[in-house]
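Please construct the entire structure, taking both the sequences and the accompanying hints into account.
Chains as they are written, first to last, in the UniProt record's numbering: chain V, 1 to 423; chain E, 1 to 262.
Where hints are given, some of them may not hold.
To be verified - Derived SDA-like pairs (lysine to any residue); straight-line CA-CA distance at most 20 Å: (1) E:Lys77 x V:Arg303; (2) V:Lys415 x E:Ile142; (3) E:Lys77 x V:Lys415.
Treat the hints as calculated values from the structure; they're not laboratory data.
As a plain string of letters, each chain reads:
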Amino acid sequence: MSTEHLADSNPEAPADAIPAVDPRLLVREEGFSGYLQEFGRKLKAGDLGSLPVVIGLVIIWSIFQGLNSNFLSAENLNNIAVTMVATGMMAVGIIFVLLLGEIDLSVGSVSGVSGAIVAVLAVTHGMNEWLAVLVAIASGAAIGAIHGFFFARIGAPAFAVTLSGLLFWSGFMLQILGSNGTINLDSEGVVGRLTTYYFSDVAAAYGLAAVAVGAYFAGAFFDARRREAAGVPSRPLAEILLRTGVLAVFAFGAAVVFNQYKGLPLAVLLFLVALVGTDFVLRRTGFGRKVFALGGSVEASRRAGINVTGVRIAVFALAGTFAAIGGLFWASKIAAANQSAGAGDLLMNVIAAAVIGGTSLFGGRGRTWNALLGVMVITSIQYGLALEGIATPIQYMITGAVLLATVVIDSVTRKTQKTAGRA
Amino acid sequence: MVHVTAAPVLALRGVSKRFGAVQALTDVELEIHAGEVVALVGDNGAGKSTLVKTIAGVHPIDDGVIEWEGRPVAITKPHDAQNLGIATVYQDLALCDNIDVVGNLFLGRELRRRGVLDEVEMERRARELLTTLSIRIPSVRIPIASLSGGQRQTVAIARSMLGEPKLVILDEPTAALGVEQTAQVLDLVERLRERGHAVILISHNMADVKAVADKVAVLRLGRNNGVFNVADTSQEEIISAITGATDNAVTRRAARTGEARK
Chain V
1 MSTEHLADSN PEAPADAIPA VDPRLLVREE GFSGYLQEFG RKLKAGDLGS
51 LPVVIGLVII WSIFQGLNSN FLSAENLNNI AVTMVATGMM AVGIIFVLLL
101 GEIDLSVGSV SGVSGAIVAV LAVTHGMNEW LAVLVAIASG AAIGAIHGFF
151 FARIGAPAFA VTLSGLLFWS GFMLQILGSN GTINLDSEGV VGRLTTYYFS
201 DVAAAYGLAA VAVGAYFAGA FFDARRREAA GVPSRPLAEI LLRTGVLAVF
251 AFGAAVVFNQ YKGLPLAVLL FLVALVGTDF VLRRTGFGRK VFALGGSVEA
301 SRRAGINVTG VRIAVFALAG TFAAIGGLFW ASKIAAANQS AGAGDLLMNV
351 IAAAVIGGTS LFGGRGRTWN ALLGVMVITS IQYGLALEGI ATPIQYMITG
401 AVLLATVVID SVTRKTQKTA GRA
Chain E
1 MVHVTAAPVL ALRGVSKRFG AVQALTDVEL EIHAGEVVAL VGDNGAGKST
51 LVKTIAGVHP IDDGVIEWEG RPVAITKPHD AQNLGIATVY QDLALCDNID
101 VVGNLFLGRE LRRRGVLDEV EMERRARELL TTLSIRIPSV RIPIASLSGG
151 QRQTVAIARS MLGEPKLVIL DEPTAALGVE QTAQVLDLVE RLRERGHAVI
201 LISHNMADVK AVADKVAVLR LGRNNGVFNV ADTSQEEIIS AITGATDNAV
251 TRRAARTGEA RK
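Right under this line is the structure:
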């Protein structure tokens with residue numbers, strides 16, 4: 001799954017072997033023009049990748065920058081980056097559920113429960129804050145596993161189970177928060193510093209960018225070498241260099257922006273770690289392959305010996321875990337656990353972020369990196385509107401419209417891909 | 001012709017299967033040798049699918065004996081059949097549209113290197129397998145959705161070959177395929193035979209059966225209704241066995257005396 005381009009002809013193949021390549025296959029031509037051709041073909045086939053999101057983000061940023069010259073300031077971009085982590089973490093979890101072709105409507109409430117648990121345990125009962133954080137995350141996992149159990153084992157629709165969860169867990173949160181409703185957190189504590197800590201040394205952001213670029217290049221390079229040695233099609237060095245170059249531009253660009261303000265935010269670092277980790281799990285491990293398989297065909301997965309119930313429960317537990325982690329970032333952002341946590345447009349934003357990023361609602365298509373781009377779009381819109389002083393009702397309407405637009409794009413893409421035979 | 005070894009790979013002796021009030025299979029006998037293609041034919045409801053499912057371990061048998069390479073075995077769940085070396089390709093192919101050919105071939109038995117999926121080795125082995133079976137598909141890295149019906153069928157059959165099975169069961173592999181695609185699949189069946197696999201081929205298509213099968217076993221209303229050598233049997237004879245045109249006093253008497261001899 002690591003090569004997206006089609007098979008190259010293999011010059012090393014013995015002459016008498018029949019190549020497993022159909023003569024009708026449109027093989028990519030050598031060099032840059034071949035790359036462009038391939039790109040054009042993918043566009044026509046509805047295999048748009050991240051392109052529409054990137055274009056959308058550029059348009060959104062230009063519009064808001066035109067309306068208010070502070071929008072692209074280092075400070076505002078930093079605020080967007082730190083704020084988006086909460087929604088982004090939750091989106092990572094829901095991408096796993098969407099890959100199954102299911103939905104989890106409870107992530108907003110579960111994030112509220114997580115913040116409330118930390119506040120009650122650490123502030124009201126004086127528990128060690130690290131321990132309280134662990135309890136909150138474990139609770140998220142357990143809640144998700146309960147949803148998964150009712151869906152996978154009992155066979156209730158995930159939509160209905162998590163819709164009940166939405167109400168139940170939001171009631172649970174209000175119950176444990178008690179009568180006064182708001183518990184303030186220590187802004188210098190573990191949770192408090194999640195969104196306020198910055199690695200102020202400029203070397204941190206640049207170093208991270210350098211490590212990321214270096215690791216990407218080394219990974220791609222050695223993978224290509226191994227493929228070559230095994231005699232299977234590999235990515236040409238020029239393409240690896242091009243991809244590494246593009247990554248370097250974005251990585252160092254982001255590092256410059258961070259360093260113009262307070263340095264690399266801890267929240268962003270944790271988000272990147274979560275993205276890299278989950279992407280690895282999805283694409284390189286047996287568990288990830290099973291998730292995709294279930295999103296493609298449940299019956300095929302069952303016959304291949306995959307433990308369908310187990311994978312489904314695990315995926316809902318993951319969604320709960322990431323919802324809880326996102327809840328901690330929300331609590332950190334407002335330095336409190338309050339009654340409105342996890343309510344409002346949060347759930348919609350999480351789903352929108354995942355879908356805008358390119359995860360299909362129909363299952364089987366998407367990557368956790370989608371969460372990064374999607375949540376950047378959503379959070380940029382929120383900040384841009386806030387800078388313009390546009391009130392919440394209008395914000396809700398705009399977010400709703402954006403979500404509808406993305407779902408439409410997802411459905412149309414799926415149709416195009418079907419006619420092009422790629423879905 | 002076919003080289004027939006002494007002990008059949010699989011032999012069914014008097015196999016019966018009931019579902020509630022329905023006697024789906026009654027005293028069915030079947031023998032398959034290595035390097036032999038046996039076509040299993042019969043009208044709808046004749047018990048073909050049930051018979052295949054008993055061999056594949058989906059429905060355990062009620063009476064009778066299943067012999068594997070000469071010794072009796074119990075096949076009570078699909079895993080038993082797989083462990084013996086029986087691979088089944090069902091009519092609905094059970095492939096994941098969104099996963100590429102390599103991923104589908106190795107679905108459920110991915111190769112790992114230090115706990116991580118070994119994509120390179122899987123791709124190498126997939127290409128090797130497809131080459132030895134002379135399967136032509138555009139690329140092993142495109143999703144199954146991009147393949148034609150015949151290509152999907154060949155991928156599904158290739159997948160069954162990964163575990164080096166001794167017996168491959170193909171449930172209507174050419175139904176719903178075009179002329180060229182049917183030819184591809186039949187080629188593949190012949191290649192399986194050349195490589196020494198035993199093949200059970202369920203088909204409604206007499207032309208396919210005549211083309212690749214060595215023997216034809218006819219089921220009618222859950223009972224054996226004759227086993228024919230394809231080479232010296234006409235299509236009409238097979239069809240009359242399927243429809244029951246041969247089901248008359250003479251054949252019944254012959255069957256009874258045949259049983260009495262045993």
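Hint by hint, here is what the structure shows:
no. : hint                : verdict
1   : E:Lys77 x V:Arg303  : 12 Å, holds
2   : V:Lys415 x E:Ile142 : 18 Å, holds
3   : E:Lys77 x V:Lys415  : 40 Å, violated
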